[in-house]
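As you go down the protein sequences, you meet chains A and B in turn.
Sequential numbering of the first sequence, starting at 2, is according to the numbering used here.
Sequential numbering of the second sequence, starting at 2, is according to the numbering used here.
Calculated from the structure, these hints are not laboratory results.
In this text, all values refer to a predicted model and were calculated from it rather than measured experimentally.
Please note: incorrect hints may appear among the correct ones.
Derived CB-CB ranges, DEER-like [unchecked claim]:
(1) B:Asp48 to A:Gly198: 55 to 63 Å
(2) A:Ala79 to B:Asp119: 34 to 42 Å
(3) A:Ala78 to B:Ala87: 35 to 43 Å
(4) B:Glu104 to A:Pro172: 39 to 47 Å
(5) A:Ile178 to B:Asp15: 49 to 57 Å
(6) B:Thr22 to A:Gly57: 38 to 46 Å
(7) B:Thr102 to A:Ala87: 47 to 55 Å
(8) B:Glu171 to A:Lys75: 25 to 33 Å
(9) B:Glu121 to A:Pro172: 16 to 24 Å
(10) B:Asp82 to A:Pro148: 47 to 55 Å
(11) B:Arg39 to A:Pro85: 56 to 64 Å
(12) A:Glu177 to B:Ala124: 20 to 28 Å
(13) A:Ala87 to B:Glu104: 23 to 31 Å
(14) A:Thr22 to B:Thr144: 51 to 59 Å
Okay, the calculated bits of chain B under chain A, using three or more residues with CB under 8 Å as the criterion [what the hints assert, rightly or not]:
(15) 112-123
(16) 139-153
(17) 158-172
(18) 179-191
We put the beta carbon where it would ideally sit given N, CA and C, even for glycine.
Protein chains: 2
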Amino acid sequence: MAMARTGRRPGKGDTRGQVLTAARAEFAARGYRGATVRGIAAKAEVDPALVHHYFGTKRDLFVETIQLPFDPDKVAAAAVDGDPAAAGERIVRVLLGVWATDEGRALMQSLLRSAVTDDELLALLREFMFETVVLPIATAVATDNVPLRANLPASQVIGLAFIRHVAEVEPLASAEIETVVSAVAPTLQRYLTGELGSS
Amino acid sequence: MAMARTGRRPGKGDTRGQVLTAARAEFAARGYRGATVRGIAAKAEVDPALVHHYFGTKRDLFVETIQLPFDPDKVAAAAVDGDPAAAGERIVRVLLGVWATDEGRALMQSLLRSAVTDDELLALLREFMFETVVLPIATAVATDNVPLRANLPASQVIGLAFIRHVAEVEPLASAEIETVVSAVAPTLQRYLTGELGSS
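Could you put together the complete structure from these sequences and hints?
Structure below.
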């Protein structure tokens, strides 16, 4: 799950970093809805006005905390660039690579757990993920039915994340990357460019 | 998501019903971990000892509250009985039928939301779902790699439930049953009986 990396503004690095660290901890502990700018400021030992000055609203701050350690445009490009007939495989490889890192896996788990229990956050993440990553990929790869061809791979990807890294069901939880790629890539490929009309 | 229907013991129907209604409300509001037998008893206006007498432990009571309005053996049979080459389609049709009912959809949403945020409940549900429904179906339909061929359809089914009925992403949220069957049945079929070894 790739979220936007906005440019880090230079200067005041320590204060910004303190606020972000405090915000990540508060969002993880209380969820998006439960966390407050006041609580985050208190944890970071700064004035709430400073939090608003640096980050804007709680929503802006949340978006800032859920950045992945890579550029979502590059992830989308990695999925899109190349033969459209192999896009499914590239997408699975990129995702499995992200989830194989402690940071990427923890963020995915946190997003999934937060989204499912908070409707406001769910709407925010749904919009964010589809606008930023899912729809651009589907638009670039699919030649018809783009909205449905965006939904279907997302459903398989989220379920895979759930079984492999949240419920941790074996053997999929410990399966080699090549095993998962072989199993799931053809599914994503059919959803993006294959036949959907006959059952 | 089908959970076991145990036989309803006759008699004392009102008290049992009151406790079950209270338990469903408490599990929905506080989650499995947060709900207590004491709190459920108070809500039902009965003695906690009576709750234990009728239902046993909190876990037993929870299992009782998450029963679906149908027999999971019949659901598994509906998926298994018939041509193995059409099992994927039968599974999708059974699930979409359950989720099309208010009760079935609400239960699925509640289970998914509870499981993701409570590790103890997640382990319980994972064991329950795989032992009761997923593995029996995969065992009956697949001829090799049964554990993996059980995991993979589960991943697609959970992701479909999430996109269609939790995140409610369009167009999949409002898609006609036949559209979803056409799109997803071939995926389940390949996971159960198709080629998994080449990507």
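TODO: Tell me, in ascending order, the numbers of any earlier hints that this structure violates.
DONE: 4, 7, 10, 13
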